[in-house]
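For the record, the sequence lines run as chains A and B.
Residue numbering for the first sequence follows the working numbering, beginning at 1 and increasing consecutively.
Residue numbering for the second sequence follows the working numbering, beginning at 1001 and increasing consecutively.
In short, the hints are calculated from the structure, not lab data.
Each hint should be verified, as a subset may be incorrect.
[Unchecked claim] Pair by pair, the computed Cβ-Cβ distance ranges are:
hint : chain 1 : residue 1 : chain 2 : residue 2 : range
1    : A       : Tyr83     : B       : Phe1060   : 49 to 57 Å
2    : A       : Asn168    : B       : His1146   : 35 to 43 Å
3    : A       : Ser109    : B       : Lys1090   : 18 to 26 Å
This one's a predicted model, so the numbers in the text were calculated from it and none came from an experiment.
Where a beta carbon is used, it is the ideal one built from N, C-alpha and C, also for glycine.
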Amino acid sequence: MNNTARISLLAAAAIIAAPAFADGDHRAKALQMMKQDFVTKGQARADRVSEDGLQTICNRTGNKPPEAIGKRLETDQMAGVKYPADGKLMGDWKEGEKIAQSGRGFTWSDEPGLPVGGNCYNCHQIAPKETSYGTVGPSLFHFGKLRGNTADMQKYAYSKIYNAKAYNLCSEMPRFGHIGALKEDQIKHLVALLLDPESPVNK
Amino acid sequence: MKQALALSAVAVIALVAASAPVLAQAPAAKPAPAAAKKAAKPVAAPVEEKDAATLEFEKFRAKMIEEGNPAELFEAQGEEMWKSSRGPKKVSLATSCDLGLGVGVVKGAYVQMPRYFADAGKVMDAERRIVWCMVEKQGFKEADLHAKPFGSGTYTPDQTSLVTYVAANSKDMKFAVPLKDPHVKDVYEIGKETVAYRAGPYDFSCNTCHGADGKRIRMQQLPNISTQKGAATAVLGWPGYRMTGNVMLTSQWRMNDCFRQQRFPEPKYASDTVTALLTYMTANANGTTYTGPGIKR
């Protein structure tokens, strides 16, 4: 382990040891309480209530990790992004639109298994024809028109959908590729929806 | 507390340690996300205004209430149940159940819950307290009351009607959750931590959707439950008669369905977790006038 890694380890441990960011006592009580109070239903297993490492950092810092730790852990998330073997990042925008519309997947009332939807319109404005869109995330209308359909931008869009936490550690957006919710071809279709000059997003 | 912290500390150390080789590598290229963020701003969507569907629904709701609020049927059934001798012990709740203002007192009780009940040693919301009374005073089996706690189809659990009756007796009164009681304050603070807690496959917390003003999921406005106005939006109208399915549903159900959409496992009915959330939200709404059992979309 090199020095920088050791430093970030110590800093991460320090966050946990000294919960200066919020009331540690009530947090500990809340964790204990939730461990007791949740039960498996359908595919939603009781252990979903446990935090993973990234969630722990975000939970314990009010979603504002110290910059040095945030950057390092974002790099780790980025390192886990798997790109298509053939290097092609753009699929069919029409398929992408269908995936963006679907909000199904992962609740205890959903049928288990894949494919699941991208939930995109729940939070984002995307193609102009769909007026029922959420505002939790930024508008993606004219995403490609404003940015250009470059190789770098395709890689950015693919990685962002695969793992939003690679760019912003405590982003509210799920890590669709990282958790295995969206498969490679589905993410490619969504990249096309955002960047293909023929997509209604860019008209 | 120490143990929980120690466990997470180990988890994080493991995470960081496992990533050490990755950390030594050069960071991956990031094509100008800052520029991308900037570009997104001019097309940001307008928020706050009510959409046509919401306005249409509100018109419909006003008309329906004028013609008779369907919640009143459940209120009447609940009153009958409250006053009748029931359960293996053949006792009425009216002569045995203390909702915080004295045995049998329903007037104003709903807007002052959740509150601490010394006999149970717990902070309880209205529905949990009613279930506690049904078990302790009337002798009903807790497992039976927990088995199918929410309305569906033509089925309405007794406790739903009872909560509707109790809630109706706080109509036009102001929410006044007794936060000065240290027991209640403690549960409030636990609730505040709970709404911020991110977990599950999508990394969602309650605050992902309900922690900021002016957000929507699709066309659905999302109240910011950390504010008095938002918390009031969240608690008003419950218990409510839901047009979707034509059933009477309670705050306990509302919390359950939020966790479903959060991709969490299921919270146990009448559990500390649900009470903590209701304590946090209702206390944040303190001072707001309760409009009585309502109609929900």
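Cβ separation of A:Asn168 and B:His1146, checked against the hinted range 35 to 43 Å:
41 Å, holds
Confirm or reject the claim that A:Tyr83 and B:Phe1060 have a C-beta distance inside 49 to 57 Å.
50 Å, holds
If I claimed the Cβ atoms of A:Ser109 and B:Lys1090 lie 18 to 26 Å apart, would that claim hold in this structure?
Violated: the Cβ-Cβ distance is about 39 Å, outside 18 to 26 Å.
Checked against the numbered hints given earlier, the structure breaks only hint 3 and satisfies all the rest.
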